[in-house]
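J.: Chain residues, written in single-letter form:
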Amino acid sequence: MKPYIANTVKDIKDMLQAIGVATIDDLFKDIQPQQRPSSFNLPEGQSEFEVIQFFREIADHNRTHLIPFIGGGFYDHYIPAPVFSLISRGELSTAYTPYQPECSQGTLQALYEYQSLMCALTGMEVSNASLYDGGTALYEATMMALRITKRKKVLMDGGVSPIYRKIIQSYTRNLNYEFIQTPVVHGHSDRDAIQKLIDEDTAAIILQNPNFFGTIDDHSDIVNMAHAKGVLVIQSVYPIALGLVKTPGEMGVDIVTGEGQSLGLPLNFGGPYLGFMTTKKKYVRKMPGRVVGKTVDQSARRCFVNTLQTREQHIRREKATSNICTNVALCAVQSSIFMSLLGKEGLKQLAQLNLDKAEYCRQLLEGIKGVEVKRSSPTFNEFTIRLPSDSNRICEEMIEEGFAPGIPLDRYYPDTANYMLVAVTEKRTRTEIEQYVSLLKHIIEKQK
Amino acid sequence: MELIFEKSVAGRRGYLLPKTDVPVSASIPEQFQRKRDCPFPEVTELDVVRHFTRLSHLNYSVDTHFYPLGSCTMKYNPKFTEQVAAMPQFCEVHPILPQLKNGELLTQGALFVLYEMDKLLSEITGMDAFTMQPLAGAHGELTGVMIMAAYHKAQKNKKKYIIVPDAAHGTNPATAAIAGYETISVKSNATGVIDIDQLKQCINDDVAGLMLTCPNTHGIFNMDIDKITKMVHDVDGLMYYDGANLNAILGRCRPGDIGFDIVHVNLHKTFATPHGGGGPGSGPVGVCEKLAPYLPISRICKRDNDTYFLNYDYPQSIGYIASFYGNFGIVLRAYAYILQLGKEGLMAISDHSVLNANYLREQLKKYYHLPYDRICMHECVFSAVEQAQRGVHAIDIAKFLIDHDLHPPTVYFPLTVKEALMIEPTESESKETLDLFVDKMIQADELSRSNPASFHDRPKTTCISRPDEVKAAREINTNYFAEEKPDD
Amino acid sequence: MEIIDYFLYSKEHEWVSLEDGIATIGISEYAQAALGDITFIELPSIDDEIDQFEQIASVESVKAASDIFSPMSGKIVDINGSLENDPGLINKSCYEKGWIIKIEISEKDEKSNLMTAEEYRNFLNSVR
Chain E
1 MKPYIANTVK
11 DIKDMLQAIG
21 VATIDDLFKD
31 IQPQQRPSSF
41 NLPEGQSEFE
51 VIQFFREIAD
61 HNRTHLIPFI
71 GGGFYDHYIP
81 APVFSLISRG
91 ELSTAYTPYQ
101 PECSQGTLQA
111 LYEYQSLMCA
121 LTGMEVSNAS
131 LYDGGTALYE
141 ATMMALRITK
151 RKKVLMDGGV
161 SPIYRKIIQS
171 YTRNLNYEFI
181 QTPVVHGHSD
191 RDAIQKLIDE
201 DTAAIILQNP
211 NFFGTIDDHS
221 DIVNMAHAKG
231 VLVIQSVYPI
241 ALGLVKTPGE
251 MGVDIVTGEG
261 QSLGLPLNFG
271 GPYLGFMTTK
281 KKYVRKMPGR
291 VVGKTVDQSA
301 RRCFVNTLQT
311 REQHIRREKA
321 TSNICTNVAL
331 CAVQSSIFMS
341 LLGKEGLKQL
351 AQLNLDKAEY
361 CRQLLEGIKG
371 VEVKRSSPTF
381 NEFTIRLPSD
391 SNRICEEMIE
401 EGFAPGIPLD
411 RYYPDTANYM
421 LVAVTEKRTR
431 TEIEQYVSLL
441 KHIIEKQK
Chain R
1 MELIFEKSVA
11 GRRGYLLPKT
21 DVPVSASIPE
31 QFQRKRDCPF
41 PEVTELDVVR
51 HFTRLSHLNY
61 SVDTHFYPLG
71 SCTMKYNPKF
81 TEQVAAMPQF
91 CEVHPILPQL
101 KNGELLTQGA
111 LFVLYEMDKL
121 LSEITGMDAF
131 TMQPLAGAHG
141 ELTGVMIMAA
151 YHKAQKNKKK
161 YIIVPDAAHG
171 TNPATAAIAG
181 YETISVKSNA
191 TGVIDIDQLK
201 QCINDDVAGL
211 MLTCPNTHGI
221 FNMDIDKITK
231 MVHDVDGLMY
241 YDGANLNAIL
251 GRCRPGDIGF
261 DIVHVNLHKT
271 FATPHGGGGP
281 GSGPVGVCEK
291 LAPYLPISRI
301 CKRDNDTYFL
311 NYDYPQSIGY
321 IASFYGNFGI
331 VLRAYAYILQ
341 LGKEGLMAIS
351 DHSVLNANYL
361 REQLKKYYHL
371 PYDRICMHEC
381 VFSAVEQAQR
391 GVHAIDIAKF
401 LIDHDLHPPT
411 VYFPLTVKEA
421 LMIEPTESES
431 KETLDLFVDK
441 MIQADELSRS
451 NPASFHDRPK
461 TTCISRPDEV
471 KAAREINTNY
481 FAEEKPDD
Chain S
1 MEIIDYFLYS
11 KEHEWVSLED
21 GIATIGISEY
31 AQAALGDITF
41 IELPSIDDEI
51 DQFEQIASVE
61 SVKAASDIFS
71 PMSGKIVDIN
81 GSLENDPGLI
91 NKSCYEKGWI
101 IKIEISEKDE
111 KSNLMTAEEY
121 RNFLNSVR
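Residue numbers (the numbering used here), protein chains in the order written: chain E, 1 to 448; chain R, 1 to 488; chain S, 1 to 128.
What the hints contain is simulated information worked out from the structure, not anything from laboratory work.
Any given hint might turn out to be false.
[Said to hold, decoys possible] In silico DMTMM-like links for lysine to aspartate or glutamate, alpha-carbon gap of 25 Å or less:
hint : chain 1 : residue 1 : chain 2 : residue 2
1    : E       : Lys29     : R       : Asp195
2    : E       : Lys229    : E       : Glu250
3    : E       : Lys2      : R       : Glu82
4    : R       : Lys227    : R       : Asp197
5    : R       : Lys119    : E       : Glu50
6    : E       : Lys166    : E       : Asp410
7    : R       : Lys431    : E       : Asp25
8    : E       : Lys348    : R       : Glu45
9    : S       : Lys75     : S       : Asp51
10   : R       : Lys418    : S       : Glu12
11   : R       : Lys365    : E       : Asp11
12   : E       : Lys280    : R       : Glu469
13   : S       : Lys111    : S       : Asp51
14   : E       : Lys150    : S       : Glu84
15   : R       : Lys187    : E       : Asp30
16   : R       : Lys343    : E       : Asp26
17   : R       : Lys227    : R       : Asp128
18   : E       : Lys282    : R       : Asp468
19   : E       : Lys281    : R       : Glu483
20   : E       : Lys2      : E       : Asp26
21   : R       : Lys200    : E       : Asp14
22   : E       : Lys166    : R       : Asp313
23   : R       : Lys227    : E       : Asp25
24   : R       : Lys343    : E       : Glu48
25   : E       : Lys344    : R       : Asp37
26   : E       : Lys282    : S       : Asp78
27   : E       : Lys229    : E       : Asp190
28   : R       : Lys343    : R       : Asp313
29   : E       : Lys286    : S       : Glu118
30   : R       : Lys365    : E       : Asp14
31   : E       : Lys369    : E       : Glu345
[Unchecked claim] Sample of chain S residues with no beta-carbon within 12 Å of chain R, all distances over it, derived:
hint : residue
32   : Glu19
33   : Phe40
34   : Leu43
35   : Gln52
36   : Val62
37   : Ser66
38   : Asp67
39   : Phe69
40   : Asp78
We put the CB at the ideal spot given by N, CA and C, even for glycine.
Working from the sequences, and respecting the hints, build out all of it.
T.: Pasting the structure below:
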């Protein structure tokens with residue numbers, strides 16, 4: 001017997017007889033001898049127990065005991081227990097895309113609730129049922145804006161995650177579009193530069209709030225500038241910050257995307273994550289990805305279906321709004337469970353805790369001689385500091401002492417060798433923050 | 001069923017946050033503050049648990065039902081792989097850690113998994129190098145076509161077209177289009193595979209490549225594949241293998257050996273990771289040696305001292321296609337599955353998925369029109385044209401099956417077959433289950449003769465009857481909170 | 001299948017009614033039945049100049065999307081705005097209330113590229 005196969009020797013015999021062939025090999029006759037594998041050199045199978053033991057050993061090669069002060073758009077938040085227990089239910093995890101609505105109402109209603117929660121969070125009118133991750137969601141938003149406006153030029157704020165900017169660059173390299181990066185001044189989008197560059201050939205301006213440096217902005221004025229020229233505004237957001245921070249909806253933004261990992265998903269070494277997208281109702285038909293809509297059944301009972309499918313690849317083929325098929329439905333439901341547990345007050349409190357802890361850390365860091373904390377603009381739970389020497393080296397020493405201290409910025413921005421991006425979530429205790437600061441102080445003093 | 005929002009009562013809490021332990025209370029300047037509170041529901045933990053548990057009861061799933069959805073490979077998803085993915089040393093690792101100076105030493109376990117999967121998938125498919133970055137099958141297709149474009153650019157080839165058979169998944173033409181190519185659709189011939197004569201007419205120097213699912217969506221392995229490969233390679237076109245149907249040929253044939261240059265693999269199909277109600281998936285892409293320089297960065301490499309590192313030093317790379325290294329949690333599950341099954345186990349998958357499909361084909365062909373009457377691979381496509389003449393369409397048969405506790409096959413796909421019923425039983429199902437399915441399909445056929453009208457109010461056993469999809473599309477409502485206010 | 005006698009038809013199942021140099025354009029009974037319940041129509045803008053057989057609109061049902069082509073060249077002088085809120089008008093009354101656009105035709109001779117009702121009836125019989 002082989003794992004997960006039910007057919008017994010007798011079954012195989014009976015089935016082959018029913019088919020009218022002698023052996024299983026006869027079923028593969030269409031594959032001719034010269035097409036057979038030149039090699040299929042794979043290890044022998046193992047028992048479940050042995051495989052689990054193997055992974056226990058491998059897992060220990062990851063050093064996860066480090067106390068993280070590292071973010072960059074991906075954060076270490078606490079995930080309440082019901083999230084995992086509910087998401088592990090096979091009825092949710094082992095279903096497919098809800099093509100048959102009558103026997104998929106569980107997934108469909110959960111996704112409708114997810115869309116509603118994302119609209120509430122971002123202050124927008126419509127949401128899709130998820131995209132892959134925050135970076136690809138921003139790419140999809142860019143393509144959507146190019147489609148809506150039929151223009152060719154896109155402005156990209158320098159405060160947009162450099163990880164996302166590189167993704168968009170890769171995807172558009174062979175297409176006939178022009179991307180112009182606009183500068184960041186004192187942590188904020190440079191209005192003067194944008195005003196000069198934005199024109200009637202511009203399809204969209206891409207912004208991020210809080211931006212990669214952790215700075216909070218109110219982009220309302222940029223929205224006005226853009227709309228005056230028929231330009232769409234895309235904003236990438238950090239969902240937890242929206243518990244307190246002005247929503248893209250309140251600013252008049254046209255398309256919102258973001259990384260939903262912080263809404264109840266583990267860091268997972270980069271995925272699976274949750275790309276989300278919300279927009280204005282007037283753009284719903286230009287939006288990529290699956291959308292769940294409310295309707296009624298034959299007895300006028302409320303129910304939910306995949307709707308507006310004519311936008312999608314399985315109907316429109318080469319004319320589709322995107323090539324996306326599988327999204328991250330389970331991650332979307334996972335985030336819904338998280339948001340439902342959190343509730344209205346919980347969201348605000350979670351955001352406040354992040355804000356307070358980051359502020360405490362920032363204040364303590366200001367007390368270290370040689371550390372410069374950027375104060376020109378408000379931040380949420382992440383901020384930039386300038387160290388007296390190469391942040392990569394300091395980072396390395398902090399790791400030795402059990403802290404993942406932040407992200408040295410020179411990986412992404414030239415001439416920032418001494419800068420580091422520090423994130424403080426609600427999970428960091430006062431003791432951890434104080435230890436972190438005193439360790440950094442010690443390392444800096446030792447270097448002098 | 002009530003929506004979670006309709007259970008909300010002001011003052012209830014589902015999760016209590018820790019009290020603050022820092023001696024500061026910060027605030028955001030008013031201009032930057034959110035004005036209206038976010039209307040998340042106010043419910044208890046029990047409310048949430050009961051709500052989502054009850055929602056889950058409204059789904060058919062592999063864990064609860066036979067799910068022979070063609071082209072989706074709804075096989076059993078072993079539970080132990082969930083345990084592996086949930087190990088904190090895997091799921092709590094921050095993806096930026098290995099990018100810090102010497103940070104790769106902190107994540108050797110995770111990098112090892114990615115490196116090993118590259119090697120294993122290369123051996124399984126006969127390719128030379130893989131990237132784990134693509135986050136789903138269609139994302140893999142886009143990555144593959146971008147690699148094609150980069151190759152042709154480097155060769156200074158001026159290419160315009162990608163050829164796609166009419167039986168292909170919609171993702172193929174959609175991908176080609178968003179990557180900047182025009183698609184040429186080639187018809188299937190009477191035997192259910194791409195028409196060679198028509199293909200010949202479409203092949204010219206402007207062809208960048210051909211995207212093929214093999215076996216194709218009719219469940220047929222293309223016996224002309226060697227000819228097709230040669231025709232495409234003769235104009236320096238590239239052969240793209242859509243891995244949706246890889247489940248049929250493990251150990252029997254490798255795309256790399258039969259001339260494919262680029263391959264994507266759907267880990268959520270062939271390698272048994274849960275479909276999740278529509279994702280997360282994972283679509284690693286493999287390439288032959290001459291295309292390896294174009295793979296996305298970063299790539300996972302091994303040093304002489306047996307440590308693994310992120311290598312960005314590929315100047316011809318197409319760049320970054322995802323935020324990090326792919327859907328690591330899914331890759332991890334698939335790796336565990338491959339290790340458990342091993343060589344013999346993987347080969348058995350294809351043997352039994354093909355055996356099961358042929359058994360169904362043989363049992364049902366007396367009752368349903370079989371457009372391509374021949375040995376099939378892991379799936380077969382029937383047509384309900386005869387039943388449709390009696391007023392019972394593929395969709396009606398689907399709803400009849402739902403009423404008998406079976407998930408229906410894929411209906412109305414591929415587009416090449418009218419009233420298509422595309423059945424993929426997978427290797428996980430027992431003969432008893434297949435026999436039960438056959439019984440119900442025969443019953444449906446009988447009923448289409450004796451009482452065709454009885455289909456039209458089906459399904460009757462589910463929580464809802466057929467939804468009004470026209471209303472859903474005309475009166476778009478995708479957001480509960482938009483209901484309170486009229487349209488803008 | 002209703003076919004209006006004095007209209008002209010295209011192979012893509014659009015109809016034209018000509019009056020004083022203005023062509024009113026819609027889709028035939030056959031086309032609307034093939035599409036099923038129409039859920040959405042994307043209309044062009046007034047004053048757009050179009051060529052014969054150029055795409056002017058697209059219609060969607062739940063499971064299909066289909067482009068509509070102008071049977072004649074000219075300038076769009078009117079669009080049927082009521083379709084935006086009630087695209088089902090095309091199903092209910094494809095030859096009257098469900099008209100799509102009116103154009104001021106620029107090339108009278110193009111009529112010869114179209115079918116008469118009789119020819120269209122034969123055409124339908126041949127494609128079915």
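J.: Check each numbered hint against the structure and report the violated ones by number, ascending.
T.: 21, 28, 29, 31, 33, 36
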